[in-house]
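Number of protein chains: 2
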Amino acid sequence: MELYSGHINRLIEELAALPGIGSKSAQRLAFHLINMPQDRVNRLANTIMEAKANVRYCSQCFTLTDNEVCPICANQKRNHNLIMVVENTRDMTAYEKTGKYEGVYHVLHGAISPMLGIGPNDIKLKELMLRLKEDVEEVIIATNSSLEGETTAMYISKLIKPTGVKVTRIASGVPVGGDLEYIDEVTLLRALEGRVEL
Amino acid sequence: MELYSGHINRLIEELAALPGIGSKSAQRLAFHLINMPQDRVNRLANTIMEAKANVRYCSQCFTLTDNEVCPICANQKRNHNLIMVVENTRDMTAYEKTGKYEGVYHVLHGAISPMLGIGPNDIKLKELMLRLKEDVEEVIIATNSSLEGETTAMYISKLIKPTGVKVTRIASGVPVGGDLEYIDEVTLLRALEGRVEL
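Protein chains in written order, with our numbering: chain G, 212 to 409; chain D, 212 to 409.
Treat the hints as calculated values from the structure; they're not laboratory data.
Note that this is a predicted model, so its numbers are computed, not measured.
You may find that some hints are simply not true.
When chains are identical, the list treats them as one kind, so a pair holds in a single copy or across two.
To be verified - Computed cross-link-like contacts, BS3-like style, restricted to lysine-lysine with a CA-CA straight-line distance of at most 25 Å: (1) Lys288 to Lys311; (2) Lys337 to Lys308; (3) Lys235 to Lys311; (4) Lys235 to Lys308; (5) Lys235 to Lys344; (6) Lys337 to Lys372; (7) Lys335 to Lys372; (8) Lys335 to Lys377; (9) Lys377 to Lys311.
The shape of chain G in the complex, shown without the other chains (with noise of 0.2 Å):
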């Protein structure tokens, strides 16, 4: 039985499709979404076709940006010898908002993960290791403490220890299986200052 026509069907599963809607949820958007002034639908709509066509990776760090270059990697009073790898660029942006870190960023876009099929190939490894031939003087692993993230920095410590560059992970200050994100920036802080070498 069809409970609904072709459109709001069609409609329901596309936004079920998307992480964290469910289908009850994606029955109560899609009403919305039909509910709302036209407007405001083209303005969505318009806004996540613009997004799609106009974000791309910044050629140094590689985090998402409008531009050629992010606005961090722009900025010249930041420390560019001082690198932070992470996984994502939410995760960058939750180092960012605590505005105590003074250098810039590597983003990965994932973490090693044999579980999923995801080598070092899969992530911008490569992309890093092309960035330690500058005056690179440390690489802070700010991975996620899961499984994943342990083993990518595991990976990339010894990928990057014959280079004679420093190492360093961010203290075990962040709760194990925890998200980056998700975590206070006291606490984020913190495994900041208690860096190791590894």
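Given the coordinates of chain G, assemble chain D onto it according to the supplied hints.
Frame of chain G; chain D shown alone:
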């Protein structure tokens, strides 16, 4: 401090304005959308626009549908002399899922709420009264058992009684304060069977 680029920020803002999506979910969704394949992004945006453009009110029961008349109103096997009044299309679907209701519906698109400034003229009540000119035998009021739903039920029953049409209310098997769309089908059926004349 601008944490994300302009396009990402605008997308996060648009998403966070939708019901049930907080700022963390909006961030997560925004990055998911940007990382989705181009064809899936196009499909989502088009589905939203098409649903908005093509979905309209059924000319008889005022549910949201693709056609001039919805499939339920167009179905001659349904009992068109039995009208169930619901607050919205999702509540109608909740009763349709039981598969046991043989009559048709009338969708009010809201409930009377002095608190929110929603009066009898702001919902499809006049349209319900116009339908009573036909051979209607019974109107079953299935508005939510919230304050607004009960107020609406009382208002409708007072309006209909002088016309001589039988008015019933679904039984209070539905928990007080509950929202119809989240209730299991057995409870919904019990409430239908135990309906009492108002």
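* Structure versus earlier hints, numbers of those that do not hold, lowest first -> 2 and 5
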